[in-house]
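**Q** Spelled out, the chains give:
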Amino acid sequence: RKEVEQDPGPFNVPEGATVAFNCTYSNSASQSFFWYRQDCRKEPKLLMSVYSSGNEDGRFTAQLNRASQYISLLIRDSKLSDSATYLCVVNVISNFNKFYFGSGTKLNVKP
Amino acid sequence: DVKVTQSSRYLVKRTGEKVFLECVQDMDHENMFWYRQDPGLGLRLIYFSYDVKMKEKGDIPEGYSVSREKKERFSLILESASTNQTSMYLCASSLRLAGGQETQYFGPGTRLLVL
Chain A
1 RKEVEQDPGP FNVPEGATVA FNCTYSNSAS QSFFWYRQDC RKEPKLLMSV
51 YSSGNEDGRF TAQLNRASQY ISLLIRDSKL SDSATYLCVV NVISNFNKFY
101 FGSGTKLNVK P
Chain B
1 DVKVTQSSRY LVKRTGEKVF LECVQDMDHE NMFWYRQDPG LGLRLIYFSY
51 DVKMKEKGDI PEGYSVSREK KERFSLILES ASTNQTSMYL CASSLRLAGG
101 QETQYFGPGT RLLVL
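Chains as they are written, first to last, in this note's numbering: chain A, 1 to 111; chain B, 1 to 115.
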């Protein structure tokens with residue numbers, strides 16, 4: 001079983017739509033959670049960390065459900081520039097602090 | 001701003017060649033990582049290093065080795081390149097904060113094609 005699982009999509013939405021992605025993780029010892037954004041043929045870039053109480057950054061809201069072991073990302077008022085692949089990342093804090101990446105969810109925002 | 005650079009954006013090598021991929025970070029980060037990214041498989045950890053001259057195997061170390069002689073530089077070596085090592089290679093660095101939180105920053109990636 002993969003450590004982190006995501007729906008690969010693609011999610012095709014019109015501009016202005018609200019879209020949500022979920023991600024599940026298998027290791028209950030996971031302690032830090034992140035969403036990264038990756039544009040085509042570019043490196044992943046940190047979008048936001050995910051905190052236990054949930055957090056918001058502009059049009060983006062991230063939530064964590066430890067009991068069910070999933071995290072979510074909500075994008076409101078989608079822009080064309082939001083088109084990208086969104087990677088879910090969990091971190092197991094141990095001696096070596098390993099990171100586990102989902103395969104990514106592709107979002108296409110259409111005019 | 002954190003800056004992670006990789007020596008090449010694109011590389012074409014022949015089967016059996018020795019390949020060096022270099023990564024440099026300018027933020028004095030302790031931890032450095034090498035991943036490969038393949039369609040449908042996501043990022044897979046090859047090796048990582050938490051200090052100079054220290055290295056640990058990741059999930060797919062076979063066919064690779066690494067070197068960390070200086071804190072800012074982490075090299076990935078393919079001793080004898082094979083076609084199944086054609087991939088996008090991503091280097092990352094991170095710093096562990098007092099509370100244990102750690103965030104990775106990536107270089108631009110190297111697309112390696114092995115013929």
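To be clear, the hints were calculated from the coordinates, so they are not data collected in a lab. Glycine included, every Cβ here is placed at the ideal spot set by N, Cα and C. Certain hints may be false.
Claimed, not checked - Derived Cβ-Cβ restraints for the label pairs, each shown as a range:
#	chain 1	residue 1	chain 2	residue 2	range
1	A	P10	B	R111	20 to 28 Å
2	A	G9	B	I60	19 to 27 Å
3	B	S65	A	G54	12 to 20 Å
4	B	D51	A	L46	21 to 29 Å
5	B	L95	A	Q69	39 to 47 Å
6	A	R41	B	D26	45 to 53 Å
7	B	K53	A	G16	50 to 58 Å
8	A	T18	B	K70	28 to 36 Å
9	A	D77	B	D26	32 to 40 Å
10	B	S8	A	K45	19 to 27 Å
**Q** State for each hint whether it applies.
**A** Hints versus structure:
| no. | hint | result |
| --- | --- | --- |
| 1 | A/P10 - B/R111: 20 to 28 Å | holds (22 Å) |
| 2 | A/G9 - B/I60: 19 to 27 Å | holds (25 Å) |
| 3 | B/S65 - A/G54: 12 to 20 Å | violated (42 Å) |
| 4 | B/D51 - A/L46: 21 to 29 Å | holds (23 Å) |
| 5 | B/L95 - A/Q69: 39 to 47 Å | violated (27 Å) |
| 6 | A/R41 - B/D26: 45 to 53 Å | violated (24 Å) |
| 7 | B/K53 - A/G16: 50 to 58 Å | holds (53 Å) |
| 8 | A/T18 - B/K70: 28 to 36 Å | violated (47 Å) |
| 9 | A/D77 - B/D26: 32 to 40 Å | holds (36 Å) |
| 10 | B/S8 - A/K45: 19 to 27 Å | holds (20 Å) |
Checked against the numbered hints listed earlier, the structure breaks hints 3, 5, 6 and 8; every other hint is satisfied.
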